[in-house]
Amino acid sequence: MNRLKTLLGKNALVYMRVLRIYFYDLTRFYKQSNVKQLFRNQDAYKGRLTILYHVIEKGLTMPQTRLGFGGPVVMDLMDLLAQFKRLGYDVNCMEFKHSSNVLAEYFTFHAERNFELPSELAERYKQFQHMVTAGNATQQLRFTRTEYFRHKDASFDQFSLSRYSCRNYSDTPIPREVIQKCIRLAMKSPTSCNRQLNRIYVVSDPAIKEEVLKLQYGNRGFGHLATTLFILTANISYFQGVNDRNESYINTGMFAMSLLNALHHNEIGACPLNWSVDHKRDAALRKLLSIPDNERIGLVISAGYLPESFDIASSPRLEVDHIAKFFA
49 MNRLKTLLGK NALVYMRVLR IYFYDLTRFY KQSNVKQLFR NQDAYKGRLT ILYHVIEKGL
109 TMPQTRLGFG GPVVMDLMDL LAQFKRLGYD VNCMEFKHSS NVLAEYFTFH AERNFELPSE
169 LAERYKQFQH MVTAGNATQQ LRFTRTEYFR HKDASFDQFS LSRYSCRNYS DTPIPREVIQ
229 KCIRLAMKSP TSCNRQLNRI YVVSDPAIKE EVLKLQYGNR GFGHLATTLF ILTANISYFQ
289 GVNDRNESYI NTGMFAMSLL NALHHNEIGA CPLNWSVDHK RDAALRKLLS IPDNERIGLV
349 ISAGYLPESF DIASSPRLEV DHIAKFFA
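Per my numbering, the sequence shown starts with residue 49, numbered consecutively.
Derived from the structure by calculation, the hints contain no laboratory data. Note that beta-carbon positions come from the ideal geometry of N, C-alpha and C, so glycine has one too. Some hints could be false.
[Said to hold, decoys possible] Within a straight-line C-alpha distance of at most 30 Å, the following computed DSSO-like cross-link-like pairs (lysine-lysine) qualify: (1) Lys174 / Lys133; (2) Lys229 / Lys262; (3) Lys229 / Lys94.
[Said to hold, decoys possible] Here are the in silico distance ranges between beta carbons for each label pair: (4) Tyr72 / His199: 13 to 21 Å; (5) Arg334 / Ile298: 33 to 41 Å; (6) Tyr72 / Gln112: 28 to 36 Å; (7) Asn162 / Ala331: 44 to 52 Å; (8) Lys328 / Ala376: 47 to 55 Å; (9) Glu225 / Tyr72: 42 to 50 Å; (10) Asp138 / Ala185: 17 to 25 Å; (11) Ala185 / Thr98: 16 to 24 Å; (12) Arg232 / Phe204: 15 to 23 Å; (13) Gln112 / Phe207: 25 to 33 Å.
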């Protein structure tokens, strides 16, 4: 210990506390997540099923859906569903049923457009239907702009239930004063000990916007249509101890939801985009937008005014009883 103190200097104990608590997080994530793709339990399968069916949902609702899209994803989803059933997992769960229904919609979508899918894919779907009883085809959601925003001034429950992530935008720019109004509303979101650490970078310049989109995973097919991108960060210099290590993400998350609601209230469509990237992309975005080292990037939000009509992924939610545990 004395040698370690000599190597690390007077802050040795702080270093040790930081390493110990981050190792605690790291160990849990490594053991309990599906990062190793070992699919050790039903939840790991459910997570992967959701990722795959959502890729297909997004493809079906793109501004210009490319016929024949997502063949490898469709194949993977069918294989995973068959394996899920073979293992005796709950085939009545939302993830299994919705995955099956999205697959049915995918093949119905192409049949209605007289598009011939690869024979290998079509044959695999026949086998899938034999192994796993597929449900009815889902129907992704279609709105007019007026319908989508009809509850923007309604009661809180109607307002909350009416907001969806939008991936189709018109080319009408959002005025700066409207953006400022939305940010001002978002600033009312809770912050840790009122330490107002949220920061936001607003990108409307086409060239810079294109570079940001290149760094973010998950905006293909629609990101270029957004007239504005919001990059949300948190200033970690406000934090005082190692137990604050995750507070930046918590504060950014609350701020992001408040901003999404503010955008919806002002009749602007938006879609939160993850910032699950490696260190190289993180560094590249920092350099591009001159984000200082004491700010942690949380996520990106694409936004824009909506066209006259558009499609939205159905993306069902679990029931309350599936996620809530009561101690009374």
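Do the hints match the structure? See the list:
With a CA separation close to 16 Å, the supplied pair Lys174 and Lys133 stays within the 30 Å bound. Restraint check for Lys229 and Lys262: satisfied, since their Cα atoms lie roughly 28 Å apart, inside the 30 Å limit. Distance hint between Lys229 and Lys94 is unfulfilled; the C-alpha atoms sit about 39 Å from each other, more than 30 Å. Take Tyr72 and His199: their Cβ atoms lie about 43 Å apart, and the range 13 to 21 Å is violated.
Checked against the hint of 33 to 41 Å, the C-beta distance between Arg334 and Ile298 comes to roughly 21 Å, which is inconsistent with it. Taken as a hint, the range 28 to 36 Å is violated for the pair Tyr72 and Gln112, whose Cβ atoms sit roughly 47 Å apart. Separation of Asn162 from Ala331 is about 48 Å and conforms to the stated range, judged on CB atoms against 44 to 52 Å. A hinted range of 47 to 55 Å holds for the C-beta pair Lys328 and Ala376, which are about 49 Å apart.
Distance hint for Glu225 and Tyr72: a CB-CB separation of about 46 Å, consistent with the stated range 42 to 50 Å. Taken as a hint, the range 17 to 25 Å holds for the pair Asp138 and Ala185, whose Cβ atoms sit roughly 22 Å apart. Checking the proposed 16 to 24 Å range against Ala185 and Thr98 shows it holds: the Cβ atoms sit about 18 Å from each other. For Arg232 and Phe204, the Cβ-Cβ distance of about 19 Å falls inside the hinted range of 15 to 23 Å, so the restraint holds.
Checking the proposed 25 to 33 Å range against Gln112 and Phe207 shows it holds: the Cβ atoms sit about 30 Å from each other.
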